[in-house]
Each structure stands twice: as C-alpha cells, then as structure tokens.
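With chain A fixed as given, assemble chain B onto it according to the hints.
Keeping their order, the protein sequence lines are chains A and B.
When we follow our numbering, the leftmost residue of the first sequence carries the number 23, and every step to the right adds one.
When we follow our numbering, the leftmost residue of the second sequence carries the number 28, and every step to the right adds one.
Don't take every hint at face value.
Stated by the list, open to error - Here are the simulated DSBU-like pairs of lysine-lysine, each with C-alpha atoms no more than 35 Å apart in a straight line: (1) A:K90 - B:K84; (2) A:K23 - B:K30; (3) B:K45 - A:K90; (4) B:K45 - B:K97; (5) B:K45 - B:K80; (6) B:K82 - B:K98; (7) B:K82 - A:K132; (8) B:K30 - A:K132; (9) B:K45 - A:K64; (10) B:K30 - B:K98; (11) A:K23 - B:K80; (12) A:K120 - B:K82; (13) A:K90 - A:K23.
What the hints assert, rightly or not - A few chain B residues that don't get close to chain A, going by computed Cβ distances all over 12 Å: (14) S94; (15) R100; (16) L105; (17) S109.
To be verified - Just a sample of chain B residues kept apart from chain A, beta carbon distances all over 12 Å, derived: (18) F47; (19) E106; (20) S107; (21) T110.
If you're looking for bench data, these hints aren't it; they were derived computationally from the structure.
Backbone N, C-alpha and C fix where the C-beta goes; we use that ideal spot for every residue, glycine too.
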Amino acid sequence: KQEVTQIPAALSVPEGENLVLNCSFTDSAIYNLQWFRQDPGKGLTSLLLIQSSQREQTSGRLNASLDKSSGRSTLYIAASQPGDSATYLCAGLEYGNKLVFGAGTILRVKS
Amino acid sequence: DVKVTQSSRYLVKRTGEKVFLECVQDMDHENMFWYRQDPGLGLRLIYFSYDVKMKEKGDIPEGYSVSREKKERFSLILESASTNQTSMYLCASSFSGQGALDTQYFGPGTRLTVL
Numbered sequence: 023k024q025e026v027t028q029i030p031a032a033l034s035v036p037e038g039e040n041l042v043l044n045c046s047f048t049d050s051a052i053y054n055l056q057w058f059r060q061d062p063g064k065g066l067t068s069l070l071l072i073q074s075s076q077r078e079q080t081s082g083r084l085n086a087s088l089d090k091s092s093g094r095s096t097l098y099i100a101a102s103q104p105g106d107s108a109t110y111l112c113a114g115l116e117y118g119n120k121l122v123f124g125a126g127t128i129l130r131v132k133s
Numbered sequence: 028d029v030k031v032t033q034s035s036r037y038l039v040k041r042t043g044e045k046v047f048l049e050c051v052q053d054m055d056h057e058n059m060f061w062y063r064q065d066p067g068l069g070l071r072l073i074y075f076s077y078d079v080k081m082k083e084k085g086d087i088p089e090g091y092s093v094s095r096e097k098k099e100r101f102s103l104i105l106e107s108a109s110t111n112q113t114s115m116y117l118c119a120s121s122f123s124g125q126g127a128l129d130t131q132y133f134g135p136g137t138r139l140t141v142l
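Isolated chain A (complex conformation) (with noise of 0.2 Å):
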C-alpha cells in the first residue's frame, strides 16, 4: 500500500530565505506526483503536477522535481514571502485516479 510522507512536519523562516520542501513515497508505480497549497480553514490548490515521465515542472517561483527510481519529490520555493505561509502537500496519484496524500508541511515565513 502506498505510502506518502513529508518532511519537515513544520518549517519557520525569515522572508527571503530559499526553501525545499520534502515528499517520498513507497510505491514508484504512481502516475503523476502533484503539490497542493492549503490556507487554514480552506479546500486544496494545485500548484503543480509532474507526470511520471517528466523529471521537474516550473511555476513562477515555485520548483517541482520528481525523482521516481528513489520515491522522492521536493518542491523549491525561491525568496519566500509571508504570503507562501500555508500547509503543503504532496500527492501521488494511483490507478484508478486515487490520490495518495502525505500529511503536509505547515510552512510559516516570518516578515
């Protein structure tokens, strides 16, 4: 059964800092690997998915990599503002269209 887990559980940082944003799953047999945005109290946003043949996807300061053979994403915010303060998290979609979620990290950038 797959198994998608995120690290750090939470991360604080001062505006301006660049950042990395941890996901690994069990189970390589996925067929894209999305990142969602949650604000407190709100439903999910896509920010980005990466197909299984794609190694990396791009969105203004936002960086997705995908590394299938060793079961890991990261997703690099570059120059954080405190409006990226939210919860991340990542998801590996399975057969059948069922997204696999991990338990997300509450990012915090402080002004």
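Relative to the frame of chain A, chain B by itself:
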C-alpha cells in the same frame, strides 16, 4: 475556472443524526471524490465515483455512504453520526480524459462537529 462548491462550511450535529454533505461541480467532470482530513493524518479517501450512479469505496468507507444521481452532484451521507466522524470533509472532482494529466479540483471544505 473550475468551481467545486460544498453545501456548508460549518456544520454541528448530534450523535445518531443522519447527516448529508453535498458537493456540486460545474465543469462536467466524470470523477468525484470525498475525503476527510484530520491533523497529522493528511487527506484520506472515503468514496469516489467515476460516473452517475457509480461508486467505489476508498480507504475509510465505514460509517459512510454516497449518492450520485446527477453528474454534477456527489453526496456524502453519515447514516448515524458519531463523535469520531468530527473532521474536515473535502470534495474534489477531476476530468477523466487523460489520466496522468488531470489534477483534482477541491471544494472549500465542510468542518463537521458531532456532539
């Protein structure tokens, strides 16, 4: 823009009550999903549906049922609410066309408290 709406943002119910959570999407998506989210556990899949009148159990279906009579609407039913069903419930939908290319779009969530 894809829009997924949920009938209530906050709901308080008593133990033993029958509870209905409604989800509507406006993008003609085939797939719809119900998750619950608890601190430290992430999102866990309760039920999902590939098409009207079709449903599949997710990882934690016990104590729940679902209904999909129309393509745009997916209902989650707690037959007899219990305190351990206090949680945040999230609905999502996705297009079924190209598998790996399709992200899921989430509603704002319903925070259910069972007293």
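Right, here's what the structure says about each hint:
Restraint check for A:K90 and B:K84: satisfied, since their Cα atoms lie roughly 27 Å apart, inside the 35 Å limit. Between A:K23 and B:K30, the direct Cα distance comes to roughly 31 Å. Compliance with the 35 Å bound is thereby established for this hinted pair. Pair hint B:K45 plus A:K90 does not hold up; C-alpha atoms about 43 Å apart against a cutoff of 35 Å. At most 35 Å may separate the alpha-carbon atoms for a hinted pair to count; B:K45 and B:K97 meet this at roughly 21 Å.
For the hint linking B:K45 to B:K80, the alpha-carbon distance of about 21 Å falls within 35 Å, and the restraint holds. For the proposed pair B:K82 and B:K98, the alpha carbon gap of about 12 Å is at most 35 Å, so the pair holds. Between B:K82 and A:K132, the direct Cα distance comes to roughly 44 Å. Violation of the 35 Å bound is thereby established for this hinted pair. With a C-alpha separation of about 32 Å, the suggested pair B:K30 and A:K132 falls inside the 35 Å cut-off, and the hint holds.
Annotation: proposed proximity of B:K45 to A:K64 holds, straight-line Cα distance about 25 Å (limit 35 Å). Distance restraint check for B:K30 and B:K98: the Cα-Cα separation of roughly 14 Å lies within the 35 Å cut-off, and the hinted pair is therefore satisfied. Between A:K23 and B:K80, the direct Cα distance comes to roughly 27 Å. Compliance with the 35 Å bound is thereby established for this hinted pair. Distance check on the hinted pair: A:K120 and B:K82 sit about 13 Å apart at the alpha-carbon level, within 35 Å; holds.
With a C-alpha separation of about 16 Å, the suggested pair A:K90 and A:K23 falls inside the 35 Å cut-off, and the hint holds. The non-interface label for B:S94 is consistent with chain A: the shortest C-beta to C-beta separation is roughly 19 Å, beyond 12 Å. Remark: the non-interface label on B:R100 is consistent with the geometry, its nearest Cβ contact in chain A lying 17 Å away (cut-off 12 Å). No beta-carbon of chain A is positioned within 12 Å of the beta-carbon of B:L105; the least distance is around 20 Å.
Here B:S109 stays apart from chain A, with its beta-carbon at least about 23 Å from theirs, past the 12 Å limit. Every CB of chain A lies more than 12 Å from the CB of B:F47, the least distance being 19 Å, so the non-interface label holds. The Cβ of B:E106 sits about 24 Å from the closest Cβ of chain A, beyond the 12 Å cut-off, so the non-interface label holds. At the 12 Å boundary, the C-beta of B:S107 stays outside the reach of chain A, the nearest C-beta of that chain being 27 Å off.
With 12 Å as the threshold on Cβ separation, the claim that B:T110 sits away from chain A holds: the shortest Cβ distance comes to roughly 21 Å.
In this structure, the hints that do not hold are numbers 3, 7, in rising order.
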